[in-house]
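Protein chains in written order, with numbering that gives the first Met the number 0: chain A, 0 to 139; chain B, 0 to 139; chain C, 0 to 139.
None of these hints come from the bench; they were simulated from the model. Some hints could be false.
Stated by the list, open to error - Derived DEER-like restraints, expressed as beta-carbon distance ranges: (1) C:Pro56 x B:Glu79: 28 to 36 Å; (2) A:Asn134 x B:Gly97: 15 to 23 Å; (3) A:Ser80 x B:Pro138: 48 to 56 Å; (4) C:Pro75 x A:Val118: 19 to 27 Å.
Glycine included, each C-beta is placed from N, C-alpha and C at the ideal position.
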Amino acid sequence: MPLWNVYHPVGAYSEEEKRDFAARVASDYEAAGLPRFYVVTLFHEVDRGSFYVGGEPVDDVVRVAIDHIARHAEDPARRESVRNRISSVIQPFATEKGLRWEFHVDETPRDLWIINGLVPPPNGSDAEQLWARENRAIPY
Amino acid sequence: MPLWNVYHPVGAYSEEEKRDFAARVASDYEAAGLPRFYVVTLFHEVDRGSFYVGGEPVDDVVRVAIDHIARHAEDPARRESVRNRISSVIQPFATEKGLRWEFHVDETPRDLWIINGLVPPPNGSDAEQLWARENRAIPY
Amino acid sequence: MPLWNVYHPVGAYSEEEKRDFAARVASDYEAAGLPRFYVVTLFHEVDRGSFYVGGEPVDDVVRVAIDHIARHAEDPARRESVRNRISSVIQPFATEKGLRWEFHVDETPRDLWIINGLVPPPNGSDAEQLWARENRAIPY
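Chain A with its partners taken away, still in its complex shape (with noise of 0.2 Å):
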């Protein structure tokens, strides 16, 4: 469900910085009850001519738009929650790295999705449970 496009300078990752964020990312969704296989991350290498915040070139930055559709956040507190954990994931990727970086959440709609032919479970119902347990998709 999630689906996160991370745009970063060239070279900003080695293939095992990729690795781990993308763990960090699954790990993160994981650990909130979703499947893990349903986190897809994609990284795009953007070199500076084709980088732009404020209309300046860059080279130093990371921006990260992510798509929700299996859960959106209801109240607040949640959606405060959910922006709280993004971040810590992103941090080590970008901060620590003396990068700078934003990211965006949108929230699709939960009953346009298909993986693999087949509607992912409601929210935690036992199938949901299945596939979070087996980590793939399964008829119901």
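Assemble the complex: chain A is given as a structure, and chains B and C must be docked to it using the hints.
Below, chains B and C without anything else, positioned relative to chain A:
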């Protein structure tokens, strides 16, 4: 209107397959009454080291992110039909090639959408039908 | 806040044109009162075999996908103004170069947005004006 961003493994599709895939997408929306040129499909090759599902690098997954602008399905039955149609379009280019796949659709505001400086005509209007017949944006 | 993803044909823009385009985008939002550094513009070169309009490969189309986060236009008149401003920004880099073009805007939740670990200050607040003047994120 619909914008399809197709993130796929390196070499997953030949030029011909991409063209077939894109034509299939366009035909599906055209069959639903939309001008064919509304349909934009972009293919993005993502290498294994930049494509993660559940924190693991993958080279056998197609991830499609779709924006619907011109039409938003209102009731659950139509939304199910949208899901099924999109699934039918993707399957020959995923399941049948041994690739896992996932898509989600976002629905974005129709009134913040412009083609070649023109506000696309209202759903079902004579002007929209003209655009569909001529397959291009025409002042109306 | 606004994130512009500009999908364009290979070689459509020189480095200088991309910079001019991005500066023009930033200036438009700055004129509307936003901190200039809120504006992120990413250029993505898409080759003819990966860029389809109506199922046909193209190399003369610019497709811009925009997310608005900080400001959501409320009434129809302001939304029309948003459409027109964005059109005016794109036209010199599309129509005037013989390229067809299309954009759409999504409006995403302001409260799921973070820059450098900070919640951007409320619209029109003193802190926002400070961010605008200093053109950077400052703890407030």
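What are the numbers of the hints that this structure violates, sorted from low to high?
-> Result: hint 4 breaks, nothing else.
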